[in-house]
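Protein sequence lines, in the order shown, are assigned to chains A and B. Numbering follows full-length UniProt numbering, in which position 45 of the first sequence is assigned residue number 45; successive positions increment by one, without gaps. Numbering follows full-length UniProt numbering, in which position 96 of the second sequence is assigned residue number 96; successive positions increment by one, without gaps.
Simulated from the structure, these hints should not be mistaken for lab results. A quick note: this is a predicted structure, and the numbers were derived from the prediction, not measured. Built from N, CA and C at the ideal position, the CB exists for glycine as well. It is possible that part of the hints are untrue.
Here are the in silico distance ranges between beta carbons for each label pair [claimed, not checked]:
#, chain 1, residue 1, chain 2, residue 2, range
1, A, F719, B, F3, 27 to 37 Å
2, A, D893, B, G60, 18 to 28 Å
3, A, A61, B, G60, 40 to 50 Å
4, A, P64, B, F3, 49 to 59 Å
5, A, P791, B, G52, 50 to 60 Å
6, A, G559, B, G52, 48 to 58 Å
7, B, H97, A, A591, 54 to 64 Å
8, B, G52, A, R775, 46 to 56 Å
9, B, G52, A, D893, 45 to 55 Å
10, A, P890, B, F3, 53 to 63 Å
11, B, F3, A, R851, 20 to 30 Å
12, A, A61, B, G52, 53 to 63 Å
13, B, G60, A, R851, 44 to 54 Å
14, A, P890, B, G60, 27 to 37 Å
With the Cβ distance kept under 10 Å, some of the chain A side facing chain B (calculated, not the full set) [as the list claims (entries may be wrong)]:
#, residue
15, S724
16, V733
17, L776
18, V850
19, P853
20, A914
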Amino acid sequence: MSLFFIVLLPFLGALLPGVMNSAGRAACAGVTFTVTLLAFVGLLTNLPAVLAGEVVTARVAWMPELGLNVTLMLDGLGFFFAMLILGIGLLIIAYARRYLSRDDNMGEFFTYLLLFQGAMVGIVLSDNILLLLVFWELTSLSSFLLIGYWKHLPEGRQGARMALAVTGMGGLAMIGGMLILGQIVGSYDLSDILDNRDLIQADPLYIPALLLILLGCFTKSAQFPFHFWLPHAMAAPTPVSAYLHSATMVKAGIFLMARMWPVLSGTEAWFAIVTSAGALTMVIGAVIALFKHDLKGLLAFSTVSHLGLITMLLGTGTPFGAMAAVFHILNHATFKAALFMSAGIIDHEAHTRDIRRLGGLRRLMPVTFVIASVAALSMAGIPLLNGFLSKEMMLEEALHTNLFGYAWLVAGMAMVGSLFSAAYSFRLIGHVFLGPVRDDYPAKPHDPGAGLWLPPALLIVPVVVIGVAPFLVEPFVRLVTSAVLRGTAEMTTAHIKIWHGLVPALYMSIAAVLGGLLLLWLYRHVLRGWDALPRPEAKDIFDGVVGGSARLSERLIHGLHNGAFTRYAMVGLLAIFAAGYHAWASGSTGAPTREVQAAGPVPVAGWTMLVAAVLALVVMHRNRFLSLILIGIVGLMVSISFVYLSAPDLAMTQFTVEVVTIILLLLALNFLPNRTPVESTVLRRVRDGGVALIGGLAAFALSWHYLLRDAVATPISEFHLANSYKGGGGTNVVNVILVDFRGFDTYGEIIVLGIAALLIFALTESLLAGPVRRRLLNRAPSQRRAGDMHPMMMVILTRVIMPIVLLVGFYIFLRGHNEPGGGFIAGLVVSIGVVMQYMASGFAWTSSRVRYPYHGVIGAGVLVAGFTGIGSWFVGKPFLTSDFTYVRIPPFDKFELATAALFDLGVFLAVVGAVMLSLESFSRLARRANSEESEYPMDIDPSRERIVPDAPRTGQEG
Amino acid sequence: MEFLVASAIGVMTAGGIYLVLRLRTFPVILGVSLLTYAVNVFLFASGRLTVGAPPILRDGVETYTDPLPQALVLTAIVISFGMTAVVVMVGLGAYLHSDDDHVDDVPEGETAEEQP
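Here chain A stands alone, though its shape is the one from the complex (with noise of 0.2 Å):
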């Protein structure tokens, strides 16, 4: 099967238990163990490949510029820890199916399950690294999902955060190592940097990548001082901490030292750093693993002293170090899964985990006994277990390790670790199964059925057979020994035996099981002394750091985001000051090049008005009203000078959209107060003063600069001055350019005021919805109303100039291509024809003379521009390709039919609907305000005056 069906399965495999959930427990772990089954199978189809020594590759090119690949790779290596990966998984699926109860979901549980594993295989069969890292986030977010899966346990929660905070740090540095060794070989994939160990190990940035490289590892595969995550991931589910920590999660570490062994080790840095880690690692889990009393604990830490031991392996660099690490990381996924399953069983049935509670369970539960009992033997290092045979190779490559200078060190501690690991691995039987069956258990245990004890029992033959018989799979070693070493060391000639001889490994093998007894029976005494020992909680540690940093963050947030916009818009304009500063400092200006335009009377008089009306407006802006007229004249001069500065699309846009804003404040002022207190002291005037001071002579000198000089490069525009009638058809190359050389823009526009128009309509709607409502109905208005409110006179007016304006608009929208003007202006031209309708004779009036919605108006403006740009699809050309063409119909002189035309009225559609929308929600606020409603055009009508009162008129037309 393809490699990639390999890694896919899992994940496509994913959305199946979810889906399956209702049709029960046995479909949901039934479907995930297919899935798997299938990946298992796939990967076997290769085996005859892997043995033959090749290396199965599968290539597809995905972001190549970036260096990103999909390639995969299946050596020895990725073969064993894939088949690891898929074969305990599929026991842990079984026995998951089992061990969760009616209250999990499962379909859930098996969900996350999948795409961990997808994950992990990702992992071992990458040959690109940044694919690689993909993966090993991935197997970061999955295994966080996992470990939290019960997620009413605060200790699920705080141990999948750790962990996630812990190996997702980790793989940040990783990333970074990654990149280094990407750079220094020129390409990401993995057989293109494995082939280059002396080009890595002489380059200056050999020793950031390979700390890097070993952060990420250290801290996914638990090793000191990151060990601490580990035990708290016991919080999970048992199938989870038997599967994330004896086959997977932790072994994707120990994979990628593995992974990398050709071109990282060998080095002094690598040696010192991953022994001694190691080393360290090993004795320490081993000792506070005989201390603890949870049985997954107790599980937890004897993981990362077998981790360490794995370590410790790699990093002396040899082959038959090499060969030891892979040879244990076989036994211990074996006898480790089969252990963490035992437990569970154990949990299960008795319902405590709690070693002091336990004990003299042989008798009641005889199969869980034999099964954890041969396999804690095995991690004891009992001979004619596979467990021995590792540990022994062990210990005679920690005999021939010299770490830094002292040749008993790795030694000594590797004796003492594996005294601890006999002695944590005894208490463990002795403990739980053995001794005087007690009657305090807090439920009755017994044997589970077949389903729970089956996994573990089928884990435990291999653990017997490679124990007896290790030459069956030292082919099989040696195999994956050589992927390791990727021919940069001599293969080993040692062989994998029970009996050397009397060795010096076997006299310290002996006295370490001794040692273990030993201390099993002082065990009282050394427990009492170790309570008595002061030693630090790693967990109240990482949580001082997290709090400590996220008090800090908050400190400086809150400092800066206090909540008041003054605060936030101060911030801004400083940090935007200081990069303005920055820019202004470090770049570099030309001379002059423009010569200064002569300015006549005209424009220094529009020019002495706007800025008297921006003095004014700051100075007098407590006045509401007055303000807004102030406002109004600075709109109208930048207008005017928009006309005289050759910019008449601008000048007509700017000053109907000053219209309308200006309806939309005076409709705001109608609720909000007409003035604005007194209420910041001089000083903070004087100070926001002075900023806005600075910001406006930083505005003016940079326009005053640029405007003396001319561009550094030709401008764009001349493309568009060039090809405006020649490729889009129209003169107004404003127009041409908003319809057709950056038509996508435009389209994105529109859809931004339509959705801008919606959002005010759904606040409106929800203002109305809430407790708003009777406020506003209830609300005694602010000042005095006009006694004629729709006077004659505008309604008779707006009534007369309607036509006229929708004329204007039309032809505005017509001769917009060619001469100033276009859909923009057309649309807030026709609104406001319309708005003044509603102003002279109120919203109700109007409201229910209107028949058309303008949520309507602005999707059909949208759908039209739309559909005009996807009408090029249809001849082959790509969206928004406009065409156009002369007609001549013989009244009439020649004219011109563009697509453009068509997508210009898209967006004069959505303008109308967006402007109409925003003002008419604004006015249903005021029209709940004023209950009283005319169905009159105007309140005093001479025509209506006549009529007898009785006679009902509805409708009148004004």
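Position chain B against the provided structure of chain A, taking the given hints into account.
Okay, now just chain B, sitting in the frame of chain A:
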């Protein structure tokens, strides 16, 4: 001419900034509007100033002003109307809900701490 435009941009920016730093919604909205004018004119001026040469193609006319900033500013003007309307609505909604149009409300968590 250049001085007039540049100084107008500066004056509008300064006025806008001052008003944005006020404590009530209405002046802040006016300030944002002033800043919008300043930014729009600033962007427009990046095409440099030309009098009497609108970008409407005519036979025999060679010089035109830069049309691209105009097109960009045109949409910016319309969009800024939409944004102003949204901000006014948000401010109005907040005022109607709480009868308070301050913009410098302290987050609820902090006031709770200050008033034990």
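Checked hints:
For the pair F719(A) and F3(B), the supplied restraint of 27 to 37 Å holds, since their beta-carbon distance comes to about 31 Å. Hint check: D893(A) to G60(B), Cβ distance near 21 Å, so the stated range 18 to 28 Å holds. For the pair A61(A) and G60(B), the supplied restraint of 40 to 50 Å is violated, since their beta-carbon distance comes to about 55 Å. At about 53 Å, the beta-carbon gap between P64(A) and F3(B) stays in the expected band of 49 to 59 Å.
Checking the proposed 50 to 60 Å range against P791(A) and G52(B) shows it is violated: the Cβ atoms sit about 42 Å from each other. Our hint of 48 to 58 Å for G559(A) and G52(B) holds, since their Cβ atoms are close to 53 Å apart. For the pair H97(B) and A591(A), the supplied restraint of 54 to 64 Å holds, since their beta-carbon distance comes to about 57 Å. Roughly 55 Å separates the CB atoms of G52(B) and R775(A), a value that falls within the hinted 46 to 56 Å.
For G52(B) paired with D893(A), a C-beta distance near 28 Å fails the hint of 45 to 55 Å. Checking the proposed 53 to 63 Å range against P890(A) and F3(B) shows it holds: the Cβ atoms sit about 56 Å from each other. Between F3(B) and R851(A) the beta carbons are some 53 Å apart, a value that contradicts the proposed interval 20 to 30 Å. At roughly 56 Å, the beta-carbon separation of A61(A) and G52(B) lies within the given 53 to 63 Å, and the hint holds.
For the pair G60(B) and R851(A), the beta carbons lie near 49 Å from each other, so the given range of 44 to 54 Å is met. A beta carbon spacing of about 30 Å between P890(A) and G60(B) agrees with the range 27 to 37 Å that was offered as a hint. Nearest Cβ of chain B to the Cβ of S724(A): about 6 Å, under the 10 Å cut. The hint holds. Evaluation of the V733(A) hint against chain B yields a held restraint, the C-beta minimum of about 4 Å falling below 10 Å.
Evaluation of the L776(A) hint against chain B yields a held restraint, the C-beta minimum of about 7 Å falling below 10 Å. A hinted interface residue such as V850(A) counts as satisfied when its beta carbon comes closer than 10 Å to some beta carbon of chain B; here the least separation is about 19 Å, so the hint is violated. Look at P853(A): its Cβ only gets to about 18 Å from chain B, farther than 10 Å, so that hint breaks. Hint status for A914(A): holds, given a least beta-carbon distance of 6 Å to chain B, under 10 Å.
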